[in-house]
Amino acid sequence: MAFLFILMYMHSKKTFCFTIIYAICFMLYSQDMADFKWTNRILIFADSDQKLIKAKSAIQVFKSLEKEVKERALLLFVYSKGAFFNCDGVRLRLKSSRPIESSFDGIILLGKDGGVKFKEPYPVKAETIFELIDGMPMRRAEMKD
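Just so you know, we're using numbering that gives the first Met the number 0 here: the sequence shown kicks off at 0 and counts up by one.
There may be inaccurate statements among the hints.
Stated by the list, open to error - DSSO-like, lysine-lysine: derived pairs with alpha carbons at most 27 Å apart: (1) 124 - 50; (2) 80 - 111; (3) 143 - 94; (4) 80 - 143; (5) 55 - 116; (6) 62 - 94; (7) 69 - 143; (8) 66 - 111; (9) 143 - 50; (10) 143 - 55; (11) 94 - 55.
Read the hints as simulated data drawn from the structure, not as lab findings.
On a predicted model such as this, the values are computed, not experimentally measured, just so you know.
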């Protein structure tokens, strides 16, 4: 249906081709959270406030623990107003099959299997997250190697 709508309002074949190419490029640059499955754990800092005060504070704690974060194969993302950002505030074209409530302010941990392992409002101590991860069967196997 949308395709017919586009065709009706296109004035030339050039414009139509450009629109199709643009749409394909946009889809190629989008990345799905599922792409990290089995390779990384994901820590999402959700913040409904536009200034991201709570998220920025929590991120600074984890950024200061770089060694511990890397050891646990953690990727850090910020979620606000329906969009994902990296730790430096750059908007990412990242998709998630799991909806995050826009009013939720807190931390969400996704395991390597893609499942939600932890979801709590701020404040959350880094030690709590690390202890939870270290108790996971996959992490225990990693520590043995």
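Now the hints, each set against the structure:
Using a Cα cut-off of 27 Å, the hinted pair residue 124 and residue 50 holds, with the two alpha carbons roughly 21 Å apart. A hinted pair counts as satisfied when its Cα atoms are at most 27 Å apart, and residue 80 with residue 111 qualifies at roughly 25 Å. The hinted pair formed by residue 143 and residue 94 fails the criterion: a straight-line CA distance of about 33 Å is larger than 27 Å. The hinted pair formed by residue 80 and residue 143 fails the criterion: a straight-line CA distance of about 40 Å is larger than 27 Å.
A threshold of 27 Å between alpha carbons decides the hint, and for residue 55 with residue 116 the separation of about 22 Å falls inside it, so the pair holds. Only pairs whose Cα atoms come within 27 Å are accepted, and residue 62 paired with residue 94 is accepted, the gap being roughly 23 Å. Between residue 69 and residue 143 the CA atoms are separated by roughly 16 Å; this keeps the pair inside 27 Å, and the hint holds. Our distance criterion of 27 Å between C-alpha atoms is met by residue 66 and residue 111, whose separation comes to about 19 Å.
Restraint check for residue 143 and residue 50: the C-alpha separation of about 41 Å exceeds 27 Å, so the hint is violated. A threshold of 27 Å between alpha carbons decides the hint, and for residue 143 with residue 55 the separation of about 33 Å lies outside it, so the pair is violated. For the proposed pair residue 94 and residue 55, the alpha carbon gap of about 21 Å is at most 27 Å, so the pair holds.
Hints 3, 4, 9, 10 from the earlier list are contradicted by this structure; the remaining hints agree with it.
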